[in-house]
Amino acid sequence: MTETSKFHYIGKPLPRKEDRRLVTGHGRYLDDIIVPGALHACFVRSPHAHARILGISAEVAREMTGVVGVFTGTDLARWTNKLRLAPPIEGLHPTEIETMPTDKVRFHGDPVAIVVARDRYIAEDAAECVAVDYDVLPPVTSIDTAFAPDAALVDDSLPSNLVSHQTFSAGDVDARRKEAHAVVEASFYQHRQTHVPMETRGCAVLWDPGREHLTIHIGNQVPHPLRSQLAGRLNLSESQVTVMSPDVGGGFGQKIALYREELAIAALARHLKRPVRWREDRAENLMSASHARENLCRTRASVTENGRILGLELELAEDFGAYCFYPANYMSRVVAMIVTGPYRIQDYAFEMKVALTNKCGNGPMRAPMAITSWVMDGTIDAIARQLDLDPLEVRRINMLRPADLPYRMATGEVLEDITPSETLESAVNAIDYEAFRKRQRALRDQGRYVGLGLCTVVESTTYGSAFYKSAGIPGSGHEAAWVRIEPSGTVNASVGLGGTGQGYETALSQTVAEGLGVDPSEVKILTGNTDVAPYGMGSRGARGGTAGGGALFLCARKARGQVLQIAANKLGLNTSDDMRLLDGQVERLINGEWTATGLTLADVARNAYLDPTSLPEGITPGLDFSLTYDPPPMTYSNSTHACEVEVDVRTGALTILRYLVSEDCGTVINPVVVRGQQQGAIAMGLSGALLEEVIYDETGQNLTATFADYMVATACELPNFEILHHHTPNSRTPAGIKGMAEGGVMGAIGAVTNAVNDALAPFGTVADRQPLSPQYLRSLLRDRGAAARQNEQE
Amino acid sequence: MSEARLISLTVNGETRETLVEPRRLLSDVLREDFALTGTHVGCEHGVCGACTVLIDEKPARACLTYAIQMEGHEITTIEAVSDAGLSPLQRALHEEHGLQCGFCTPGIVMTFEAFLRDTPDPGEEEVRDVLSGNLCRCTGYQNIVSAVMKAAAEMREAAGD
Amino acid sequence: MKPASFDYHRPQTIEAALDLLARYGEAAKPIAGGQSLGPMLNMRLARPEHLVDLNDLVELDYVRETDTELEIGALTRHHRVANAVEVGRSHPLLASAASTIGHYPIRQRGTLGGSLVHADPAAQLPLIAVLGNAKIIVRGQSGTREIEAGDFFKSVMTVDLRYGEMVIAVRFPKLLPGTGWAFDMFSRRRGDFAIVAVAATLRLGDEGHQPVIEMALGGVDAVPLRLDLGDWFENRDITAAGWTREAAAHVAATISPEDNKMVPADFRREIADMLCENVLTAAIARARGETP
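Residue numbers (UniProt numbering), protein chains in the order written: chain Y, 1 to 794; chain D, 1 to 161; chain P, 1 to 292.
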């Protein structure tokens, strides 16, 4: 790594502080929290994709020993408010969701009743005895059927299943098409997936009837926004709700929204005046938590003879499922905004349609815009194929050059401090592109088919408030922090993030350490408790490093200023200029040398807390600091992924021979943690592109509600990853941090698919759907085989 | 409904009694009755491996075992592994960054504490094969594999090989 | 995902177990390793009123050899089947197939008897039993039955076992000296049930004698499919170049696997084709004393 020596603690590969408790089994996840007297809930879920609820009969269940009650959507409608989403976005229909359906169910797994009982076993027994009378309605199970003129309505309050529709045009794509040497069309279908945190959803809720206060233990990425939602939906004030997020067994975007189940448990704890807890089981998690992806992109590129893209048109359709827990344009919009990525394209137009269907509702999953880089680099490969050009040369001719930066994309997004051509060149150099091509030709002669896929990613990482404003979405991208130096000189700090395994206690302590000038081991990071943490926007996208780390760094800087002022006063100096704090020791610059003063942070802290009358004028007692920070509208990281595969053409089985990524994510807070995020993101991308798939049959039955059917990659399906690091700091963020952790998903699905298509090139077939299952690849090869035989006969 | 019965289990060398319905999963009894919450529940159908414990020193899914079956057997959970400080495997997982959210980690530790005892010098392929019985959603497995290899080497050295 | 209520019994002798199974009939379910039954119980797909735990019948955990047979007790765990010296010596095919079942912790618990009675159409042990004409020893209160593996498997997860009976042991004929063997399977992930599994044994014919070839496929039918290819093999030189390709194509054309959304029939046939070729090639190599 090119060490940025101006930092003392940022950039150090410290092993994680949180590991000790986690490797010994002493982590504290939701279910490890003992809540005396807690009742257990189990949801009764719809076996149908789409059906009218005619009646719910729960007498038998209510009478069972150990059952406290059975509740329905009608009960919850009395105690809670609906979720109404109506951001002022053109083409987006406002939607409302009941806390639990009262009239009809909209997908297989939709909750219709809750049993509350002494334990989960009894709750499941009773749930089986709740009889629901349904009138089954025709299901809508694909984008195509959703948009058919005679389609059943998923949401009866909308005019059609087209819940969101936007278009955009910059430059003149029609003119570019007319003047083009060729027009290249390509299509990309990304299948439905789900997040699969190893710890499923769940919550434990306590209502204190005396204080009229609700406490919810819940693994969550965004504790404060969750608290606002919960208070609003329960008609409580925000001061009546405490959200406590303990150790969390993974989130990946699934633990952001306030789900109906969690709201229902909270309402019941309050209604029953007894603690209630719910632990989702794996079948519920796979069927009913939140799904993601399932989008179809079509591109049309107008190109010159040598592959230079003159104009690009994108059609994007997403199957959003049955309910909108997020504005329906939320994920697709980012894809459409940034699809041109690292390439110079000013003439660009898109049309974006989002469909409601009778499936589990969609939400953002690690890289909500995952398909983006596959679409763009897949289009580049399509251009190379059609024009018989080298795909690497087509990338080079279109790619942003250093001189092009900062670059205003056709959509108005500004790219700066990124290095796509550097990562591309270093990746192809490391993989030895020319040698690979030679090897590929030699192997083809032996009947073996290897391929190399490239994918250059521009990853939108930190969304500032200005981004939300321009997107028309109410909300903010700011983050909040406090730093408190205690009387002993030890440091507590907090931020509004909600960790789910990213190693915040370690990495964020490094940002505080850097800002303040103490060893990271002296800094304790407290997150997840809304009574302790400041109101921040939480963990989503890749904002943790820039927004959270940035806020803490700046807040610690502020603290350092005051510490040095007090120190200067103690030393009888007029100014704290030429002073610093390092490893908790106050130093002075004397004759160009940093010299110890003998004063420590602990001395200053004692002064501040226990002898405040001796503080310099204008300094108030204590060492307590807080700060909010709003990052730039957007920060970007970039990377190039290179993947070598072999396809066994007899079986369609795919082997990844080599995987390499060259990544520039700016200043790295902790390289150990960053490398772990890079590996994990690539793994999630590959697992999704190769194996995972939520499958619904024609009647809307979910066929993949077990881990035998929803296939997450094991250690045997994933390769080792080689990672090359670049560190170009962002010029507009504290310490030059950019953020990362989603780009790996984006690059992986693009690189592996491009590699497969490179391997299959001799067969003249193109994989334009995922997952790249052996079944699918064989179907492509079989069709080509049949076509070839047909040609021979003719 | 079947009557609850008083059973006596040996867990981490200690004998403990509890009243259970026959259908209660070992994973639930360990966690709820004995407060040994390091055994995690990830799927309850035997695939994810988060609940792996040792039964008579062999790795097994606590979610596919009914507590009542375990009378007369010795159960070892993650809580017993670090009795004398972190084990070489636990230490290697920390040093190699072989965990992120940590939810799957206890199951992985239990699987490999047993495996490395029987197979002190495994190859990387073999480690990946055994690891395939534990799902991890965070790490991509690479660092877990290096941690196991590192721990194995360290244990061999300590054993005087 | 918690099981429905059941009563629990833990017999100490085979007789006591049979007594319980007879007394409760279809309301009873025996449990051994529980690696297949456990998930079904937890998902409430199986709801016995009585669970009869066979794990104390340690006398059924054994591997024994006679001159011609390898007898393995029903309670023998997969890990032992895969690693026992006797199995490696007299039925390496069985050892090889057993080592691919599920995952390492699953193999520590899962049992031979349990796997056979569960009768997944793609499972390893039923396939090897059917291929090698193993005899399944079944005992009930009225006595002991010996059932040819080919007759034991009736349909998907259905076997010739009456209420009150349990599998006691399996007798696998030993592989004769000079027998080539191979097992191969195709699955999307390590440890999953196979999409198709193929096993074969063969002996090269001496001068003037026909070679003997046995082959069976899992995952292509409701039960393991043992192929009678005698007529087809007749008068062919199995060591000739291209023979394994031809034979595999013939097998693939013979089978008629199920067609479904997840795994289309023609895909399954292609996989069977590839596996057959691999397996025959490896078995011929072993029959010649080579390492495949």
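Hints in this document: simulated from the structure, not taken from any laboratory. From the three backbone atoms N, C-alpha and C, an ideal C-beta is built for every residue, glycine too. Be careful, since some hints might not be right.
Away from chain P, derived, C-beta distances all over 12 Å, residues of chain Y [claimed, not checked]:
1) Pro209
2) Ile473
3) Gly489
With a straight-line cut-off of 16 Å between C-alpha atoms, the simulated EDC-like cross-links for lysine to aspartate or glutamate are [claimed, not checked]:
4) P:Lys174 to P:Glu86
5) P:Lys261 to Y:Asp697
6) Y:Lys12 to Y:Glu505
7) Y:Lys12 to D:Glu74
8) Y:Lys558 to Y:Asp577
9) Y:Lys469 to Y:Asp630
10) P:Lys154 to P:Asp206
11) P:Lys174 to P:Asp53
12) Y:Lys17 to D:Glu74
13) Y:Lys104 to Y:Asp155
14) P:Lys261 to Y:Glu98
15) P:Lys261 to Y:Asp709
16) D:Lys58 to D:Asp33
17) Y:Lys82 to Y:Glu98
18) P:Lys29 to P:Asp53
**Item:** Hints not upheld, ascending by number
**Value:** 7, 10, 11, 12, 14 and 16
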